[in-house]
Amino acid sequence: MLAAMMMWVSGTSLLAHEETYKGTVIATQTAKVQVSVIDDKTKKESSMEFAVTAKTKVLRGDKVVVFADAHIQKGERIAVTVDHDASMSNAVVIRLAAPAGR
Amino acid sequence: MKRPIVWLVVAGLAMGIVAVVVTRGMGFSARVTPWTIEATAMRAARRWATPGDVRRQANPVPTTYEAIEGGLKHWADHCASCHGNDGSGDTTVGRNLYPPAPDMRRPATQEMTDGELFYVIERGVPLTGMPAWGTGTPDGERASWELVRFIRHLPKLSGQELRSMEALNPKSPAEAVHKMEIDEFLSGGKGKQ
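Respectively, the protein sequence lines represent chains F and Y.
So for the first sequence, my numbering puts the first residue at 1; every next one is plus one.
So for the second sequence, my numbering puts the first residue at 1; every next one is plus one.
Hints in this document: simulated from the structure, not taken from any laboratory.
Honestly, I wouldn't trust all of these hints.
Unchecked claim - Below, a list of computed lysine-lysine pairs in the DSS-like style, where the Cα atoms sit at most 25 Å apart: (1) Y:Lys171 - F:Lys32; (2) Y:Lys2 - F:Lys55; (3) F:Lys55 - Y:Lys156; (4) F:Lys41 - Y:Lys156; (5) F:Lys43 - F:Lys74; (6) Y:Lys2 - Y:Lys73.
To be verified - DEER-style ranges, computed between Cβ atoms: (7) Y:Ala19 - F:Ala98: 51 to 61 Å; (8) Y:Gly136 - F:Ile26: 38 to 48 Å; (9) Y:Glu184 - F:Asp69: 42 to 52 Å; (10) F:Ser47 - Y:Arg24: 26 to 36 Å; (11) F:Pro99 - Y:Pro51: 25 to 35 Å; (12) F:Pro99 - Y:Ser158: 41 to 51 Å; (13) F:Thr42 - Y:Met15: 51 to 61 Å; (14) F:Lys43 - Y:Gly27: 34 to 44 Å; (15) F:Glu45 - Y:Met42: 45 to 55 Å; (16) Y:Ser164 - F:Thr42: 17 to 27 Å; (17) F:His71 - Y:Pro170: 47 to 57 Å; (18) Y:Pro62 - F:Ile26: 50 to 60 Å.
All residues carry an ideal CB built from backbone N, CA and C; glycine is no exception.
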């Protein structure tokens, strides 16, 4: 019973504290990515900056790559997941489309 | 002889009353880090309470590729949500437990005997987030021993092994839908933004 409750609480926590922002890349720097994000409710576009740390997982398609080797292009679609418990601006996961032709 | 005992009881009662008054309404949180003395005392208590024959028990499962792979699959499915695929404990759940999930690659875990690790998996640890996974069946025990083999392998995990574990991590229906929306968005579809 307790284990079931813990599993339930765990599942809720995972969903409640991580948020994914989807948008297009404005610019990238060595350890930062600037993204144009459209708010789902207001439809307003805003610029958000996410820090890329050693813990950030960068996925190009299903492949884990190093941020510098991801070859992120300006205007490319991107999904950035942050963990509100840890930091509002540190990217936990960056997802990018698989390279064309694969 | 009697007087010191009386004073000891009085002092104990006084400390108890002070503790009750001071701690009332002071709040609590599972986010705080346990004091070093508390963590050390609890680890010592756990070791103290583990039966000697269990502590000395050797792992009956040999170190084979199959055993480690079995442990890896089991870990990815049952343990990673708190301990992380890499055993670091650096997950949303693991970080916010009290005490937080330990980094199992470090000596505090790696220096435990195989028997102690097996006992913790099977019996859990009271007043922590670690549940008892034991089923009391030979298959269940073998799975726990394979996990012990895998825990020994944690400090040497390869990138390829970590990627294979990600595919094995359980996903809730909501997470599956979330991933599908992201994939659709990234591939140029409208997706839900």
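The hints, checked one at a time:
no. : hint                           : result
1   : Y:Lys171 - F:Lys32             : violated (29 Å)
2   : Y:Lys2 - F:Lys55               : violated (62 Å)
3   : F:Lys55 - Y:Lys156             : holds (18 Å)
4   : F:Lys41 - Y:Lys156             : violated (46 Å)
5   : F:Lys43 - F:Lys74              : holds (21 Å)
6   : Y:Lys2 - Y:Lys73               : violated (62 Å)
7   : Y:Ala19 - F:Ala98: 51 to 61 Å  : holds (59 Å)
8   : Y:Gly136 - F:Ile26: 38 to 48 Å : violated (58 Å)
9   : Y:Glu184 - F:Asp69: 42 to 52 Å : violated (25 Å)
10  : F:Ser47 - Y:Arg24: 26 to 36 Å  : violated (48 Å)
11  : F:Pro99 - Y:Pro51: 25 to 35 Å  : violated (56 Å)
12  : F:Pro99 - Y:Ser158: 41 to 51 Å : violated (24 Å)
13  : F:Thr42 - Y:Met15: 51 to 61 Å  : holds (57 Å)
14  : F:Lys43 - Y:Gly27: 34 to 44 Å  : holds (40 Å)
15  : F:Glu45 - Y:Met42: 45 to 55 Å  : holds (51 Å)
16  : Y:Ser164 - F:Thr42: 17 to 27 Å : violated (41 Å)
17  : F:His71 - Y:Pro170: 47 to 57 Å : violated (32 Å)
18  : Y:Pro62 - F:Ile26: 50 to 60 Å  : holds (55 Å)
Comparing the model with each earlier hint shows violations of hints 1, 2, 4, 6, 8, 9, 10, 11, 12, 16 and 17; every other hint is respected.
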